[in-house]
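Q: In case you want the letters, here they are:
Number of protein chains: 4
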Amino acid sequence: MSFNQFGTLLTLTTFGESHGPCIGGVLDGLPAKIAIDVHAIQNALDTRKPGDKGMSPRQENDSITILSGLMNNITTGAPLAFIIPNQDAKPSAYQNTQNIIRPGHANATYQNKYKHLDQSGGGRASARETAVRVAAGAICQHLLDQFDTQVLAYLDSLGPITQQIPWSNVTADQIKKSEFFCPDHQAFLNMQDHIEMLQKIGDSCGGIVRFVIQNPPCSLGEPVYEKIEAKLAHGMMSIPASKGFEIGKGFASTKMLGSEHNDQIINTQGQGKHNHAGGILGGISNGDSIWGAVAFKPPSSIRLEQNTLDFNGKSATLSFMPPHRHDPCIAIRAVPVVKAMCQLVLCDLILCHQSRNIHEPYTVPEHT
Amino acid sequence: MSFNQFGTLLTLTTFGESHGPCIGGVLDGLPAKIAIDVHAIQNALDTRKPGDKGMSPRQENDSITILSGLMNNITTGAPLAFIIPNQDAKPSAYQNTQNIIRPGHANATYQNKYKHLDQSGGGRASARETAVRVAAGAICQHLLDQFDTQVLAYLDSLGPITQQIPWSNVTADQIKKSEFFCPDHQAFLNMQDHIEMLQKIGDSCGGIVRFVIQNPPCSLGEPVYEKIEAKLAHGMMSIPASKGFEIGKGFASTKMLGSEHNDQIINTQGQGKHNHAGGILGGISNGDSIWGAVAFKPPSSIRLEQNTLDFNGKSATLSFMPPHRHDPCIAIRAVPVVKAMCQLVLCDLILCHQSRNIHEPYTVPEHT
Amino acid sequence: MSFNQFGTLLTLTTFGESHGPCIGGVLDGLPAKIAIDVHAIQNALDTRKPGDKGMSPRQENDSITILSGLMNNITTGAPLAFIIPNQDAKPSAYQNTQNIIRPGHANATYQNKYKHLDQSGGGRASARETAVRVAAGAICQHLLDQFDTQVLAYLDSLGPITQQIPWSNVTADQIKKSEFFCPDHQAFLNMQDHIEMLQKIGDSCGGIVRFVIQNPPCSLGEPVYEKIEAKLAHGMMSIPASKGFEIGKGFASTKMLGSEHNDQIINTQGQGKHNHAGGILGGISNGDSIWGAVAFKPPSSIRLEQNTLDFNGKSATLSFMPPHRHDPCIAIRAVPVVKAMCQLVLCDLILCHQSRNIHEPYTVPEHT
Amino acid sequence: MSFNQFGTLLTLTTFGESHGPCIGGVLDGLPAKIAIDVHAIQNALDTRKPGDKGMSPRQENDSITILSGLMNNITTGAPLAFIIPNQDAKPSAYQNTQNIIRPGHANATYQNKYKHLDQSGGGRASARETAVRVAAGAICQHLLDQFDTQVLAYLDSLGPITQQIPWSNVTADQIKKSEFFCPDHQAFLNMQDHIEMLQKIGDSCGGIVRFVIQNPPCSLGEPVYEKIEAKLAHGMMSIPASKGFEIGKGFASTKMLGSEHNDQIINTQGQGKHNHAGGILGGISNGDSIWGAVAFKPPSSIRLEQNTLDFNGKSATLSFMPPHRHDPCIAIRAVPVVKAMCQLVLCDLILCHQSRNIHEPYTVPEHT
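Chains as they are written, first to last, in my numbering: chain A, 846 to 1213; chain B, 846 to 1213; chain C, 846 to 1213; chain D, 846 to 1213.
Next comes chain A alone, as it looks inside the complex (with noise of 0.2 Å):
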């Protein structure tokens, strides 16, 4: 058991802080004889790494180096274990208000907790983290390739501006044309003026993600407590400013009728018309898609000024002035990393499922 850890069967331990040398990660459990493209996996990273419009001004190249685990690109079913390096760490940024308590930020638990003041950038508590997260599931999909499953994950909502498309209509080529994953092109052109607008009051917004598993194998998840629903939103609710999570219809399923909700089934797997359900019936997939969401607050680093404490608690101000580095909207970096935690929880749960799978058990031919 690591509180640094993801995953049953399929797990991921991450280390590193974000102003260290390096982030990184392990994640053991993968099947052996997979071929791995590295360079997919790079490419999922520079999907999320900052730099770019309506993002932190950080400049990171995210550049990955896998240290173990891999044969001429093939998994041998050790561990494989990889770093990330910071090449853009500035702690000395945070020096001036380190003894301030930011509003809405982990800094003040953290000391608490760990008797230190040294959490500059975020420590643990930083988003850079889930750059591990990323790789890892762009490693995973190779595995998910083998059942032609495909994740999508896509921004549903800035600040006031959600777009329309539905998400059993949004496809991987829309969500790739827009800098801010947004299927919706007329949403995306809004919600850049948003931005625009935030960076210049110096202000922030939250973000809904939304995320579609399509094609997923049937009778993954467990009861009770791993519930595909439940690992789901497990994982969800670890990522930085995530706020709220739901399956399916979630929350506006509990304004419907039963007689709505229940979708007519068309097929002896349980599938329904209209998958309110999420593709999951009693916690385990019936093979269809698989869709949800993730709400994101507001980042709490904003330019504004705010009135708070320092760490004697005595009256102090806070702003975040150039060249401070800050997401207006860390729900659009979060899109990726909504994408791997769906990767890494759903190839955890075939581990799981083939595990005591003796009957039928799942078989995909070995790379040679």
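Check each hint, because a few of them may be wrong.
For chains that are exact copies, the list does not tell them apart, and a pair is met inside one copy or across any two.
Said to hold, decoys possible - Dumping the calculated DSS-like pairs for lysine-lysine here, alpha-carbon to alpha-carbon at most 25 Å:
1. K1118 <-> K960
2. K1021 <-> K894
3. K1045 <-> K894
4. K1045 <-> K960
5. K878 <-> K960
6. K1045 <-> K1100
7. K1118 <-> K1159
Source of the hints: derived by calculation from the structure; they are not laboratory data.
Place chains B, C and D on chain A using the hints.
A: Structure of chains B, C and D alone, referenced to chain A:
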């Protein structure tokens, strides 16, 4: 690792099917020398039990028998096992629907995963399993009492009706007075009417349950993957019929500005004026109330006739006529379960924090 | 994580004190659709039960009641919980020795750790807990049967007497014929005499139990920390009174030359002519018999008067006179427990290997 | 759950192959605010490194680089990750033996389990992985220092030669003076001669390593499955080439009478006159020295020519000629690893006990 186990250091392992001889659990990890009031456990179970207005007419005493772990009602440090007999199990009640796929229900996915048609009444997917959680939560409360921590859970909305008392003003008394655990009396009356109407037409509705953890210890929660909200979300999304989870302002936070969502800091623990964050910063408690919500879909079992398929893929119709026993709104009976998950998660996190806390560990007097 | 749980993917959680109403366990992880012969479980329990010659006169039926996880004696994939009532519990038998520290016994360390003097008869330290393991092992055997894997365990030495049949020649029949599970009849007769002598003088002796796992599946065991021998050692050293473990040639291998200990390879699975390695290379099975031994100390409870202290530090004497119930050699009754730990570890490792085994997974027919 | 992870609350996750770019580990669970002397870690690594007399001529600096978890050499409470580069990896050295099954070696079982022939130099089965354990153990010692707990490990026998100093008289100084970690100087000289002889004939031998944990905290160890000896056995039997484990009098206890093995109690912690029990009663420490032994087989890689098979089942011969790099007796280099496993297990158990210890928790001053 057991798929039927919840918790990291304080673990609840549950067993039993809804229509077998009993359900039960093993709660392991409680410190020794805590006095347990067995009546308090029974009282908690009584709040969940079926048979009341608006709920399934199934009659269960839900009478708990403790098998181990106590001596003279004081914990010994050994695992506390208990069973709750199933007194009113009627597997035959489901026999004529056994070959029919139930829309919105787990019987199809269970059949595909486990290859048998025996999930009469739901098997492990049955909400009856949650009685074990309620008992375990009530046991955990005895440890929380040592920290003067109390947990409230209440029905915030039922279908289209939402109660109006703000979370911070809700009291245990208001909740106790309402059959539906709804603190707002007028809303409760409207909810009763709504349930009656649903019973007449043979339909069902969803609802939202809120929880408030008052006066939690500081410094609970572990980065990165064991954040309080991640563990709560995992627990809540493992409750049958839950479809969404949020902490603090949750989904509403996505529409707020950072300057608005950031609370003005009022003390060096990092507490804010409005507690928008739900008592948690960076996954760690600041000692303020931890509050949030869980969404429950409308129950799938309704009297209205539904078109569906049987397991051979042939058309079939399904209708649960009396004396079938189903709740028009499962969110009501989920209230004590949401409370129990808070209790379990909190005690687990107390132990997690204590395990590494060698500089300022918690101390409570032992019962003599 | 539960301290009262054994296994990684197939877990046994045990509960109950030796002198409470019952002991019991929850076995979770068994594949669905395995036919279980409940009589076989009871038969296994009967091999362990006290009351025979050379053993404690305590009378227990050790009659198992299964509470969940079976339907028509076929596993459902749900956790299999069971209890074994304590019919002959006599806490009063220990009352006058409760304040006395028992030499070689756990009552002092338990009192210091848990702060109560209630460990009459041993509490969780009691060997009675092992009955639960024997029942669980017998359930696991039904899965091993699908792989034609059988486990032998037998008494190899009792005090100074060592039986003479080499491990590779021992048969299940020879073991079954002996009250002491000793395959060599002449050694058994000598052991009987030795036990009688010990009973006369009121003393006790130790013994060594050997195990042979015949025809195990290949490729079980996981590097680095989940080697077969590491898991077996963990399991065996958790049996009360065990003091040593060895695999294959064990301690004797330290006196061999490499050229002697290295077996000549006889097939491409890596099996050797003499199986010095105990069927394991690098922690992983090669399909050959897995064999080893477990050492048990002499039981601490003897009739001979012993000088000791009470919990106030004052001098005291201790002597367990009839009708006290103690075994002169616990190694005899440990034989079925050693067998059970082999069964539990092997099934667990089958699941572990299967979980990542997507290229050549195990398949067995489902019971219909 | 990761198969490459050791520990319950203090976990070490290791990665890396013997002939990849590096090996490394993530040590998670250390309390914050412990001062770490990085030189002490390097010193521990130096005791294990190859290149000395009687050991493999492979040259490795084994120089540790810490990647995370420290700030100004004080633990932050975040996972402590580190790597040790492989400077002298020569996979080509194994190329011409790659298709040959090595007697007594893991290459056959690895090939069958993972379906690839890449375990040049041993892959994850290589003893090189143990360098990570030694570094982690040395880090853990800093926590043990807070409790004034010290761990000794030494070579007790090498092939037929056994050193003569009783475990309770062995000192750290005696061990440090000997290249073979053998406290008895005359035995050490004889061992040197024996190693020289083996090098001449191209053979290898086994040995026994003893450990003594001086002044451990009381009340460590958890019933039933987390007894100290069970965890130590698990750890020790996961060291490559280990074949046996014993605690206290171990196998010798089987030949003792109960009246002889039972120690006369000397204090209310339950300590005995002779400490036959190895400082443990019922799996829980009584504060006395915890002592035991681990058996190591002769290394399988020898110069003497051996008849074997290749992976196609054809006859082959195998001989490791210089410059091949193998130890005639791996038990020597296993000494620091045995010590490290003691350090890891003890720290883990301190955290386990602390987690439930709310009445009398351990307290140590924080480093400022």
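Q: Look at each hint and say if it fits the structure.
A: Hint check:
1. When the C-alpha separation of K1118 and K960 is checked against a cutoff of 25 Å, the pair qualifies only between copies, where the shortest distance is 24 Å, while the shortest distance within a copy is 54 Å.
2. For a Cα distance limit of 25 Å, the shortest separation of K1021 from K894 inside one copy, 15 Å, qualifies, whereas the shortest one across copies, 51 Å, does not.
3. In the homo-oligomer, the alpha carbons of K1045 and K894 lie at most 25 Å apart inside one protomer (23 Å), although the nearest pairing across protomers, at 56 Å, exceeds that limit.
4. For the homomeric pair K1045 and K960, neither the shortest alpha-carbon distance inside one copy (37 Å) nor that between copies (59 Å) is at most 25 Å.
5. In this assembly of identical chains, the alpha carbons of K878 and K960 lie at most 25 Å apart only when taken from different copies (7 Å versus 45 Å within one copy).
6. Taking CA atoms no more than 25 Å apart as the test, K1045 paired with K1100 passes between copies only; the shortest distance there is 18 Å, against 39 Å inside one copy.
7. For the identical chains of this complex, K1118 and K1159 are inter-copy neighbours only, at 16 Å across copies versus 60 Å inside a copy, given an alpha-carbon limit of 25 Å.
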